[in-house]
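Q: Work the whole structure out from these sequences, hints included.
Now for the letters of each chain:
2 protein chains.
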Amino acid sequence: MEQSHGLLIILSGPSGAGKGTLCQELLRQLPDLKYSVSMTTRSSRPGEVDGIHYFFREKAEFEALINGDELLEWAQFCDNYYGTPRFAVEQAIQAGQDVILEIEIQGALQVKKRFPQGVFTFIVPPSMDVLAERIHKRGTESEEVIQKRLATAIQELEYVSEYDYVVINDEVPAAVDKLKSILVAEKCRVKRKPFVFKGEAI
Amino acid sequence: MEQSHGLLIILSGPSGAGKGTLCQELLRQLPDLKYSVSMTTRSSRPGEVDGIHYFFREKAEFEALINGDELLEWAQFCDNYYGTPRFAVEQAIQAGQDVILEIEIQGALQVKKRFPQGVFTFIVPPSMDVLAERIHKRGTESEEVIQKRLATAIQELEYVSEYDYVVINDEVPAAVDKLKSILVAEKCRVKRKPFVFKGEAI
Numbered sequence: 005m006e007q008s009h010g011l012l013i014i015l016s017g018p019s020g021a022g023k024g025t026l027c028q029e030l031l032r033q034l035p036d037l038k039y040s041v042s043m044t045t046r047s048s049r050p051g052e053v054d055g056i057h058y059f060f061r062e063k064a065e066f067e068a069l070i071n072g073d074e075l076l077e078w079a080q081f082c083d084n085y086y087g088t089p090r091f092a093v094e095q096a097i098q099a100g101q102d103v104i105l106e107i108e109i110q111g112a113l114q115v116k117k118r119f120p121q122g123v124f125t126f127i128v129p130p131s132m133d134v135l136a137e138r139i140h141k142r143g144t145e146s147e148e149v150i151q152k153r154l155a156t157a158i159q160e161l162e163y164v165s166e167y168d169y170v171v172i173n174d175e176v177p178a179a180v181d182k183l184k185s186i187l188v189a190e191k192c193r194v195k196r197k198p199f200v201f202k203g204e205a206i
Numbered sequence: 005m006e007q008s009h010g011l012l013i014i015l016s017g018p019s020g021a022g023k024g025t026l027c028q029e030l031l032r033q034l035p036d037l038k039y040s041v042s043m044t045t046r047s048s049r050p051g052e053v054d055g056i057h058y059f060f061r062e063k064a065e066f067e068a069l070i071n072g073d074e075l076l077e078w079a080q081f082c083d084n085y086y087g088t089p090r091f092a093v094e095q096a097i098q099a100g101q102d103v104i105l106e107i108e109i110q111g112a113l114q115v116k117k118r119f120p121q122g123v124f125t126f127i128v129p130p131s132m133d134v135l136a137e138r139i140h141k142r143g144t145e146s147e148e149v150i151q152k153r154l155a156t157a158i159q160e161l162e163y164v165s166e167y168d169y170v171v172i173n174d175e176v177p178a179a180v181d182k183l184k185s186i187l188v189a190e191k192c193r194v195k196r197k198p199f200v201f202k203g204e205a206i
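Taken in sequence, the protein lines are chains A and B. FYI, my numbering numbers position 168 of the first sequence as 172, with every residue one higher than the one before it. FYI, my numbering numbers position 99 of the second sequence as 103, with every residue one higher than the one before it.
None of these hints come from the bench; they were simulated from the model. Treat each hint with caution, since some may be false.
Identical chains share a label here; the pair holds if one copy fits it or two copies do between them.
As the list claims (entries may be wrong) - In the EDC-like style, the derived pairs of lysine to aspartate or glutamate whose C-alpha atoms are separated by at most 20 Å in a straight line are:
| hint | residue 1 | residue 2 |
| --- | --- | --- |
| 1 | K191 | D181 |
| 2 | K152 | E166 |
| 3 | K184 | D168 |
| 4 | K197 | E166 |
| 5 | K191 | E175 |
| 6 | K195 | E160 |
| 7 | K117 | D36 |
| 8 | K141 | E162 |
All values reported here derive from a predicted model rather than from experimental measurement.
A: Printed below as a string of C-alpha cells:
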C-alpha cells in the first residue's frame, strides 16, 4: 500500500490572499516538501534572490521555453510572464517527493489540464478589506498597479470553483494547519493508492 | 463562506480492522462529533448498553423499520441485522452537526447510494496476521464464527475501491490523526461550500 508518486500541491488564489506566506510556513514545517521555483520576467523585489524566490529571466528567453514546451504552466500577469519549469517538478513527483507550486490562477488552470491529479488549493483573504489592505501594504508598486491588482483579485475569486479546496487565510497558523491536513488526507485518498486486494498480503 | 450542513463521516471496513476503537477515540477527541447509534438484532456483548453502543431490537421490529423505510442503511451480517435510524442522522446533518457512522461494508454501500456526499472511509488492518489476531482476541464467538468472519473480512477488503479514503489502522493515535485531518480537509473542499463570489463580501 505504498504511494508510488508524490503529490503536486498547487497553492493559488488572488494576489493579496497571502499564499506566499502560507507556502513559506508550510515549507518550514514540512522539510520534505519541495518548493518548485517559478520563473518570471518581472523585476526582483528587495530581498528576492534568483534561483531561490524565482528564476528571473529575460522575456526572449522565457518565450523560447514556452515554444519548446518546457514549462508546466505559464501566464502573463501585469505585463510579466510567470511560469514553472516542467522537468524538475515531474522528476520529483515520480521519485515520490511532494512538490508545492505557488502560482497565479492562470497558471494553476494550465497545470490542472496537464496534471489533473494535483491538489488544487485556492487561498482567499478573510474579507475584501483585508485583501485591499494587504495589496497596499506591499508598497512596491504605484497606486495604478495596486488598483489594477485589486480589481483582478476580485474577478479572480470566481475561479474558486475550478479548485479542489479553499482555505481562508485569516490566521496564518490556522490556515497552515488546514493545508497540512489537506496533504495528510490526500495521501489517504483511495484513488491515489495503487494497491489491489486479492486476499493476499495488504 | 459558512458551511450550511454537517458532514456525515462513514467509518467502515472489514471486521477486525479496529474501526470501533478509532471511532471511540475520535469521539473522545472531538466532543462536537455526534455518534450515530446503530440498531442491531444481535445479542449484546458484555459491557454493551442499549441506546449507547447499539439499539438492541428484536428481528420482527427491525424488519418493520426496513419496510417503513425508516433506516438510512441496513445489512444482514452473521445472521443478524445491523442498521442506522434515518431521522436522527438527517436532522443532525441539516443542523450543521457532524455525524459519524461506524458500520459494516454492506451498510456503507447503501448509505453511499442515499447520501453520496458522505465521507466514506475504509479502515484496514496493517496485515492479514493482525486481522486474524484481532478477530480471535474478541473471544466472544465460536471458532466457526471466527473463521467465517475472517473469510468475510478478506473478501471485503476488495470493497476499498468504493470508498473515498483508506486509513491503515496500525497505530491508533496515527490513524486517529489521519481521520481528523480528513475531516478538516473535507470541510475545505470547494464542492461543500455554498458560497458565490461576485465581487462582494466573501
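Q: Hint by hint, say whether it matches the structure.
A: Each hint tested on the structure:
1. For a Cα distance limit of 20 Å, the shortest separation of K191 from D181 qualifies both inside one copy, at 16 Å, and across copies, at 13 Å.
2. In the homo-oligomer, the alpha carbons of K152 and E166 never lie at most 20 Å apart, since the shortest distance is 23 Å inside one protomer and 47 Å across protomers.
3. In this homomeric assembly, K184 and D168 come within 20 Å of each other (Cα to Cα) both inside a single copy, at 15 Å, and across copies, at 18 Å.
4. Taking CA atoms no more than 20 Å apart as the test, K197 paired with E166 passes between copies only; the shortest distance there is 13 Å, against 24 Å inside one copy.
5. Within a single copy, K191 and E175 get their C-alpha atoms only as close as 25 Å, which misses the 20 Å cut-off; across copies the closest is 17 Å, which meets it.
6. In the homo-oligomer, the alpha carbons of K195 and E160 lie at most 20 Å apart only across protomers (18 Å), although the nearest pairing inside one protomer, at 29 Å, exceeds that limit.
7. Proximity of K117 and D36 under a CA criterion of 20 Å is satisfied in neither setting, with 26 Å inside one chain copy and 39 Å between copies.
8. Neither within a single protomer nor between protomers do K141 and E162 lie at most 20 Å apart by alpha-carbon distance, with minima of 24 Å and 54 Å respectively.
Checked against the numbered hints listed earlier, the structure breaks hints 2, 7 and 8; every other hint is satisfied.
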